[in-house]
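> Below are the chains, spelled out letter by letter.
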Amino acid sequence: MSQTKLPGWRELPIGSVITEPGNTAKLSFHTWRTFRPVIDKEKCVRCGLCWMYCPDAAIVEVKETYVTKSGKKYEVSYEVNYQYCKGCGICANECPVKAITMVEEVR
Amino acid sequence: MGKVIPLSGNSAIAYAVKMCDVDVVSAYPITPQTTIVEKIAEFIANGELDAEMLHVESEHSALSAAVGASATGARVFTATSSQGLALMYEILFIASGLRLPVVMALVTRALSPPINIWCDHSDFMAAADTGWIQVMASTNQEAFDDVIMAYKLAEDPRVLLPVMTAIDGYIMSHTIEPVEVLEDKDIVLKFAPKNFKRRYRLDPDNPVTIGPLGSPNWYFEFKRQHYEAMKVAKQVFREVVTEFKKVFGREYSELETYMLDDADIVLVSMGGLAGTVRAYVDRARKEGIKLGAIRVKLFRPFPQEEIAKLISNKKIVGVIDRALAPGAVHGGPLFTEVATAIYLNKVDVPLVGFITGLGGRAVTFDHISEVVKHLKKYSEELRELPKEPIFIGVRE
Numbered sequence: 001m002s003q004t005k006l007p008g009w010r011e012l013p014i015g016s017v018i019t020e021p022g023n024t025a026k027l028s029f030h031t032w033r034t035f036r037p038v039i040d041k042e043k044c045v046r047c048g049l050c051w052m053y054c055p056d057a058a059i060v061e062v063k064e065t066y067v068t069k070s071g072k073k074y075e076v077s078y079e080v081n082y083q084y085c086k087g088c089g090i091c092a093n094e095c096p097v098k099a100i101t102m103v104e105e106v107r
Numbered sequence: 108m109g110k111v112i113p114l115s116g117n118s119a120i121a122y123a124v125k126m127c128d129v130d131v132v133s134a135y136p137i138t139p140q141t142t143i144v145e146k147i148a149e150f151i152a153n154g155e156l157d158a159e160m161l162h163v164e165s166e167h168s169a170l171s172a173a174v175g176a177s178a179t180g181a182r183v184f185t186a187t188s189s190q191g192l193a194l195m196y197e198i199l200f201i202a203s204g205l206r207l208p209v210v211m212a213l214v215t216r217a218l219s220p221p222i223n224i225w226c227d228h229s230d231f232m233a234a235a236d237t238g239w240i241q242v243m244a245s246t247n248q249e250a251f252d253d254v255i256m257a258y259k260l261a262e263d264p265r266v267l268l269p270v271m272t273a274i275d276g277y278i279m280s281h282t283i284e285p286v287e288v289l290e291d292k293d294i295v296l297k298f299a300p301k302n303f304k305r306r307y308r309l310d311p312d313n314p315v316t317i318g319p320l321g322s323p324n325w326y327f328e329f330k331r332q333h334y335e336a337m338k339v340a341k342q343v344f345r346e347v348v349t350e351f352k353k354v355f356g357r358e359y360s361e362l363e364t365y366m367l368d369d370a371d372i373v374l375v376s377m378g379g380l381a382g383t384v385r386a387y388v389d390r391a392r393k394e395g396i397k398l399g400a401i402r403v404k405l406f407r408p409f410p411q412e413e414i415a416k417l418i419s420n421k422k423i424v425g426v427i428d429r430a431l432a433p434g435a436v437h438g439g440p441l442f443t444e445v446a447t448a449i450y451l452n453k454v455d456v457p458l459v460g461f462i463t464g465l466g467g468r469a470v471t472f473d474h475i476s477e478v479v480k481h482l483k484k485y486s487e488e489l490r491e492l493p494k495e496p497i498f499i500g501v502r503e
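Each protein sequence line maps, in turn, to chains A and B. Counting from 1, one number per residue, gives the positions in the first sequence under the working numbering. Counting from 108, one number per residue, gives the positions in the second sequence under the working numbering.
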């Protein structure tokens with residue numbers, strides 16, 4: 001997003017009107033992050049607390065069959081949508097089994 | 108075309124609002140504006156105007172409601188004075204920034220303290236940088252005509268800016284003059300048609316977001332657009348007054364001149380005061396003084412090239428302000444505009460600024476005579492021009 005050329009003043013609709021409803025979904029918030037949450041699917045117990053607590057609904061529940069090395073079988077996994085994740089760390093803080101690590105973003 | 112009836116400036120504005128078939132009126136009472144909205148309420152109660160009247164709890168809300176209504180595409184009107192305009196300040200920027208063609212009548216009144224309900228132009232001048240188009244009338248007929256022209260100008264798709272039409276508190280608002288009131292609404296609406304379909308508005312079938320966040324990546328571009336719209340507004344104003352003359356026969360201009368061509372000394376003023384100046388010019392001419400006058404009708408966008416051209420070959424020009432901006436480069440806001448205009452247009456003409464009539468103090472021939480005396484002195488004696496305003500009519 002930040003790489004694309006933004007329109008000049010003559011091209012924009014007047015009065016700062018947004019003519020395309022819901023286009024906020026196209027925005028990316030990845031530049032807001034200093035740390036990114038990384039979920040360890042081995043440690044994760046699929047409790048869904050991160051999904052529930054995420055203020056930006058950036059944790060997504062993915063339907064997949066996952067068997068851990070210790071033989072536990074899950075039908076869902078949790079993943080991070082890095083387009084919307086602002087790196088607040090609430091998920092890592094709430095995780096009861098410390099399955100989420102905040103890893104520093106390197107640019 | 109119309110019927111000539113005796114009307115106060117405020118009533119004249121109310122009649123014009125009726126003729127423009129306004130959809131929403133939101134206002135809060137404040138002296139000396141109140142009788143405008145009272146008269147409109149009467150029109151609505153009598154079934155003469157089909158409009159929604161919003162009684163709100165403050166001027167901040169009055170303009171906010173007008174902004175909301177205008178965003179839906181409605182033709183809206185509000186009116187205020189002095190402290191009321193000051194309370195609207197935040198929303199003045201919202202209305203102009205969102206490019207909503209709100210029309211507001213400002214009945215000029217001094218700002219407190221001390222509390223004063225009488226005329227001066229300090230409220231009008233304080234709103235000069237809010238991005239509104241500003242016009243000031245000098246007769247009640249003009250007050251009526253200005254509202255009709257304001258809708259045409261504001262709603263022009265090339266402009267889309269709010270317009271403030273000002274009159275002098277009491278001196279015009281409560282003084283009765285003969286006003287030709289147009290009776291055929293169709294002619295008025297043909298002149299100033301409602302063209303809400305040609306602008307962005309809150310419409311469930313075509314949803315848009317009005318008033319979003321604009322980060323540093325976006326904000327600047329919209330201000331650049333606003334600047335351009337003001338520039339275009341000057342051209343459109345010309346078109347509007349030209350067409351108004353064609354349809355209704357009365358002629359207006361951004362700068363109204365009087366006995367200017369052969370004048371040596373020129374007085375620049377605004378509002379009702381310009382009428383006094385004009386009458387004084389007649390008297391001075393009889394005494395052999397080559398006096399002329401310019402009345403600034405359009406203050407925003409300011410007709411800078413035009414005024415510089417008009418005064419370029421004059422001996423001396425006096426600018427009379429009925430407002431005070433303490434601490435500004437010069438205390439008179441109109442003076443500052445004219446001085447900048449002559450600088451930008453490389454016109455070398457001596458300019459002297461005067462401040463008079465604050466808080467409704469009457470400005471009489473004696474005062475204008477004093478102004479002219481000062482100007483004669485400065486033009487004849489080649490003295491250094493004063494850098495500060497000369498106060499006329501204040502007790503020492």
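These aren't lab readings, by the way, just hints derived from the structure by calculation. Model, not experiment: these values are computed from the prediction. Hints are supplied without guarantee of correctness; some may be wrong.
[What the hints assert, rightly or not] Calculated lysine-lysine pairs in the DSBU-like style (CA-CA distance at most 30 Å, straight line):
hint, chain 1, residue 1, chain 2, residue 2
1, B, Lys341, B, Lys297
2, B, Lys301, B, Lys330
3, A, Lys72, A, Lys43
4, B, Lys480, A, Lys5
5, B, Lys292, B, Lys341
6, A, Lys5, A, Lys41
7, A, Lys5, B, Lys330
8, A, Lys72, A, Lys26
9, B, Lys301, A, Lys26
10, B, Lys292, A, Lys26
11, B, Lys297, B, Lys146
12, B, Lys393, B, Lys480
> Are there hints from earlier that the structure breaks, and if so, what are their numbers?
Those not satisfied are hints 4, 6, 8, 9 and 10.
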